[in-house]
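Engineer: Spelled out from the first residue to the last, the chains are:
There are 2 protein chains.
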Amino acid sequence: MMIAGPSQSIPELQTFWDKSRRRVEAELDRRLSAEGPESARLFAAMRHAVLAGGKRLRPILAIAAFESLNGHDEAIDSVAAALEMLHTYSLVHDDLPCMDDDDQRRGRPTVHVAFDEATAVLAGDALHALAFEILARSAPPEVIVIVAQAVGPTRMVGGQMADLAAEGQVPTEELVRRIHERKTGALIVASVTAGALLAGAGPGVVRLLESYAHPLGLAFQIVDDVLELTRDAGQLGKPVGSDLKHAKVTYPAAVGMDAARRKAGDLVHQAKQALQDYPGDAMTLQALADFIIDRDR
Amino acid sequence: MMIAGPSQSIPELQTFWDKSRRRVEAELDRRLSAEGPESARLFAAMRHAVLAGGKRLRPILAIAAFESLNGHDEAIDSVAAALEMLHTYSLVHDDLPCMDDDDQRRGRPTVHVAFDEATAVLAGDALHALAFEILARSAPPEVIVIVAQAVGPTRMVGGQMADLAAEGQVPTEELVRRIHERKTGALIVASVTAGALLAGAGPGVVRLLESYAHPLGLAFQIVDDVLELTRDAGQLGKPVGSDLKHAKVTYPAAVGMDAARRKAGDLVHQAKQALQDYPGDAMTLQALADFIIDRDR
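Here the protein sequences line up with chains X and V, keeping their order.
Residues 250 to 546, numbered by the working numbering, are exactly what the first sequence covers, in order.
Residues 250 to 546, numbered by the working numbering, are exactly what the second sequence covers, in order.
Just chain X, with the same shape it has in the complex (with noise of 0.2 angstroms):
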């Protein structure tokens, strides 16, 4: 099982990862456990779904904004696995035949592959609806109205519109970097303001952290778009990853592989600028960003 993190190189960062990752998966095991037999099948795609490994980066970005302004709410543990389910379905639904027709993700069959279509289908809208349970049951509505805006037709649902609409043409700077914004930026914004919001930010607080969050977001995805390309390279001894495949539009492709990792250190440079004026602590925030730069998966 595929757990990244952070390198070693920093070790409160990766202190504070385990942490929260720790909390976190606690809560989703604790949320994602069947009433009764009725729904068994259908919990059991959405464990498998879930608890399959992977970063937490959402629940990560939002516990360390939370923490960061010294926020005091037990709440958090349910709005970061509100989270990470919000993006779990939409990872279940995009690997479906239909769209991106992925057999294997954080190294186990998908779920449409270890159970069938339908259920993949289902335990997807049954994670986002009970995302939506869990975030009105332990949040303000100021923060489910972000949150749902970012998974929304606008942002999340219309970048993989976009991603799929895309597919073989030429890609350009601009093309990719609103597809990025939409398709996996949007949700990081959220989470870290969701965070903040939890810990009572103000209108302030929220604009500087959106000004953090945005441009790490978008560096986050670039650095998974060049580590696609070079550990396959790495692996395969060619350069043929998922994203080939479906000739998906990329960072690399559009500018580089050079000019697409200076980009990412660029943006996680005005990142880390952004919160020079931080109110509160930004060690972790701060940290987070190098770590966008420096993982290897």
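Because the hints were derived from the structure by calculation, they are not lab data.
Quick caveat: nothing in here was measured; it's all calculated off a predicted structure.
Keep in mind that a hint or two might mislead.
Note that identical chains are pooled: a pair holds if it fits in a single copy or bridges any two copies.
Unchecked claim - No farther apart than 25 angstroms at their CA atoms in a straight line, the calculated lysine to aspartate or glutamate pairs in the DMTMM-like style are these:
| no. | residue 1 | residue 2 |
| --- | --- | --- |
| 1 | K304 | D473 |
| 2 | K494 | E366 |
| 3 | K494 | D526 |
| 4 | K494 | D530 |
Got chain X; can you put chain V on it based on the hints?
Structural biologist: Relative to chain X, chain V alone:
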């Protein structure tokens, strides 16, 4: 285009229904306008699904419960529109090739036929998210919780799982009842209680309305099962409909056509009885219960 509604024998109900439907459809039209060309195709698919007619039963029930308690809150139209979006998203996903594989819905090609499969999955996902954004902007948290639970893994989505799993099985009344209660009943009950809560109903009135909506929702689905068989018998000269094609477990299949009709009648009686001590104006709610039985589509 099929626009079903109450028969002209209940003119007041027809007037209420038409007026409420116009309001809800105006709200849906407004909410489903793409902000720019980026999301145009996604919004076109969402509009294709939502603005194709339909009875609008769930919004009508929400508005009826709301008005029965003399509610004054402009948010009722938003909540009603969100309920219809959730219902429609479930239809779009149920129609997918990996589920019921239906080509037609409300006399028009289903979304995956008119667009494509990936767009149908994403249009459903987008309606799902947009519904919760609207609810979070217009309804108190307890309403969001009730609605999210109703469409979640133990209710609506779980009911669709059970429906698919039951295909080809020998249907018992208990099996069919549990599927109907979860797959369609839960959102019907939630629509009534959402409308009541928005009008300021307390727990006692909500419980009373649950005792009304629960048998009503089941009766509605039994009548749907009956109509599916008899309508096709009339049109095709033989009882072959979508339910039979998929070997769906239905009430008539479980207990026979006459017993199914009697059961629906008993349930409607039970629904109306539940309103005997209703503190609000029960007239429209009573008329709606009668309509459930008398409708011919």
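Engineer: Which numbered conditions among the earlier hints are violated in the structure presented, ordered from lowest to highest?
Structural biologist: The structure breaks hints 3, 4; every other hint is satisfied.
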